[in-house]
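Protein chains: 2
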Amino acid sequence: MARIVQKFGGTSVGDMDRIRHVAGLVKAEHDKGNEVVVVPSAMSGITNGLVDKIHAMSPLHDTREYDVVVATGEQVTCGLLALALQNIGVPARSWLGWQVPINTDDVHGKARIAGIGTENIVSRFAEGQVAVVAGFQGISPRGRITSLGRGGSDTTAVALAAALGADRCDIFTDVDGVYTADPRIVAKARKLDKITYEEMLEMASQGAKVLQTRAVELAMNMGVRLQVRSAFEDLPGTLVVDEDEIVEHQVVSGIAYSRDEAKVTLVGVADEPGIAAGIFGPLSDASVNVDMIVQNVSADGKRTDMTFTVGKADYARAVAVLEGIRDTVSYRSLDLNPDVVKVSVIGVGMRSHAGVATIMFQALSEKGINIQVISTSEIKISVLIAEEYTELALRALHSAYGLDAD
Amino acid sequence: MARIVQKFGGTSVGDMDRIRHVAGLVKAEHDKGNEVVVVPSAMSGITNGLVDKIHAMSPLHDTREYDVVVATGEQVTCGLLALALQNIGVPARSWLGWQVPINTDDVHGKARIAGIGTENIVSRFAEGQVAVVAGFQGISPRGRITSLGRGGSDTTAVALAAALGADRCDIFTDVDGVYTADPRIVAKARKLDKITYEEMLEMASQGAKVLQTRAVELAMNMGVRLQVRSAFEDLPGTLVVDEDEIVEHQVVSGIAYSRDEAKVTLVGVADEPGIAAGIFGPLSDASVNVDMIVQNVSADGKRTDMTFTVGKADYARAVAVLEGIRDTVSYRSLDLNPDVVKVSVIGVGMRSHAGVATIMFQALSEKGINIQVISTSEIKISVLIAEEYTELALRALHSAYGLDAD
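Residue numbers (our numbering), protein chains in the order written: chain G, 25 to 430; chain D, 25 to 430.
Any given hint could be a false lead.
[Stated by the list, open to error] Far from chain D by the CB rule (all over 12 Å, computed), these chain G residues:
id, residue
1, 81
2, 101
3, 412
[As the list claims (entries may be wrong)] What follows is a set of in silico ranges between Cβ atoms, one per label pair, in the way DEER data are often shown:
id, chain 1, residue 1, chain 2, residue 2, range
4, D, 52, G, 251, 54 to 62 Å
5, D, 167, G, 48, 27 to 35 Å
6, G, 79, D, 207, 32 to 40 Å
7, G, 79, D, 340, 37 to 45 Å
8, G, 348, D, 39, 28 to 36 Å
9, G, 72, D, 271, 53 to 61 Å
10, G, 72, D, 167, 24 to 32 Å
11, D, 314, G, 166, 54 to 62 Å
12, D, 52, G, 395, 52 to 60 Å
Bear in mind the hints are in silico, worked out from the structure with no lab data behind them. Every residue gets a Cβ at the ideal spot worked out from N, C-alpha and C, and that includes glycine.
Please build the complete structure, drawing on both the sequences and the hints.
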């Protein structure tokens, strides 16, 4: 007997037939005598529809009310999946975030899980009951519904697997694993049998949508065995594992991209100590995540330009914050550009290989692609380029790093 | 300063513009310095869509999961309306059933309110905050989401008005008041300025959709001043009042109809003591509401026919129950007919006037309409007829009782 968490993405529960199919996959594990927790996402399209309604009502919305609205998507799937399971003879009940409870902090819209009470669910395992837990949502210390940020159902699943000491956490999705690059763009992309937690973390945080960043981070920290696999085909997926489980490393394991970036430049900022804090402090207070940051050297030692990127979801809020601090920070103008894409090459092999960046810059240069911002970490190099070059850049880099399938 | 509960129906919050319009109506009361609680329904069509999904998944569904799914409709409107209010400078927050809390029993799908904790909401009045409370939902003693039955938002509003000692409970809807008959069918129907609680109760329970039965019952018992008015036009509505506030009574105040009926006949039931309990006990255990009941006199003293009606929502469940008790009750066959309508004439004046039923039977007979079942109370007479005669019957009765507008 094993304890298993199964997470299903939005496409996997996209209509009634697919929810029935998912119920069948759950039943298969349940029939083996396993203790099963299922975490469904909202049906595909539903969350976007809800977010559109919120934006139509109020671009600068109260994130507490945002959470009240968007949490309904998973609530609906949860109820329907519990019914589908009952229909095929599997005892099941739905659990909403506040019922489990999944306790979070009160950073609405992107809350972090603080702890999970597992007694309720575990006590039902003895009765053979499957727990259908709403992904993406929790409850704040003030008793309000919180959401964990887009893709948060992955985090729910991994956190539940960790709290329950589960033997496995299967992430069922509409692709059959993790690829060297998005196969919809790069036809020669290959599926990876295994990937390290660290690479997966960079892939996810650099835009690969197959897993949420925090879910991977949590799985790495808590030692949760993660598998990304297809909800539609019965194929082995990609295992996310410790580095020592992979014998031969490629220098670069994958290439990710993110269109969810907007570039902001504060032109003519005073070049003096404390100015960065004066800009990024207020942004952080408004829960705006800043990603790449570049500060140019100032010619005269008085004024400089500060460039950074923010997520598109935070863009309007970031601009409002920056307009609000214009008097204290005293910049000359705001230069805004949402038409950018961040492309990243990722691989733990970079640690022991030189010249990885050079290959990237050359490959992009050969295609005439201008690099606007560069940022690096130990195992990844990211560049910001004009969005129109996305596909061209991805294919060029995939070839340049020798990742193309035969 | 007054304390006011405002309830808005599904059409009134049917899209973003209408939610904004509702926010304006709330602001108008708030600007007068009043303490305001708003109870929005789900956006029109949403609840039906959710119910369709549930039925597609499972006709004989677990009502606990039904409630999890359908409660999302009001949750969405609540969040959006709170945002709309904040947008126009009115401090507001959403409250879900479990947050208020609105405590109910655990009869899922049609739970009854057991008590409302008002401290949380009242404490925010001091800060000028409007409470946007999700209609139709509560929390059971076991901590699960319950729903109050279709139209349950009216009950939420009245129960809140009672618990808060509100000065008024305004029910905003897509019609401008209570009519002598459905004006979409009876062109000569007239709007009533006032109607008694008792008549309103019969109108509602006999199918007039303008107010939920239990809401009226609760308002009557708790002395809540109720007004039915238009969400779209600034017109006086219909006041629901005590009988002594109405000086001149018509014998009949209104005519209602309900298509939400299905007729069930158990043919050849043993005519012996305890047989009714053997049939209606199991139906009641399955939370099937039985309405009109007729037992024919048996010719031979051994076998008889038992006819009754159930709500269409309970129809499949009722049939399943009846098939399950076939061995114990031993009837010959089940005769099922969902194509029926119940037409009722209602008026407190009936108490002191004879011959009211005769007018009804004659009017229907003149149009060649066969009466299948009759049931009466002190202030109403209901008949079950074939559904195809609905409009003909309503217009004939409206004229026969002298209700036609000039």
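Here's how the hints hold up against the structure:
1. 81: violated, 5 Å
2. 101: violated, 9 Å
3. 412: holds, 33 Å
4. 52(D) - 251(G): 54 to 62 Å: holds, 57 Å
5. 167(D) - 48(G): 27 to 35 Å: holds, 30 Å
6. 79(G) - 207(D): 32 to 40 Å: holds, 38 Å
7. 79(G) - 340(D): 37 to 45 Å: holds, 40 Å
8. 348(G) - 39(D): 28 to 36 Å: holds, 32 Å
9. 72(G) - 271(D): 53 to 61 Å: Holds, at about 57 Å.
10. 72(G) - 167(D): 24 to 32 Å: Holds: the Cβ-Cβ distance is about 31 Å, inside 24 to 32 Å.
11. 314(D) - 166(G): 54 to 62 Å: At roughly 45 Å between Cβ atoms, residue 166(G) and residue 314(D) fall outside 54 to 62 Å, so the hint is violated.
12. 52(D) - 395(G): 52 to 60 Å: holds, 56 Å
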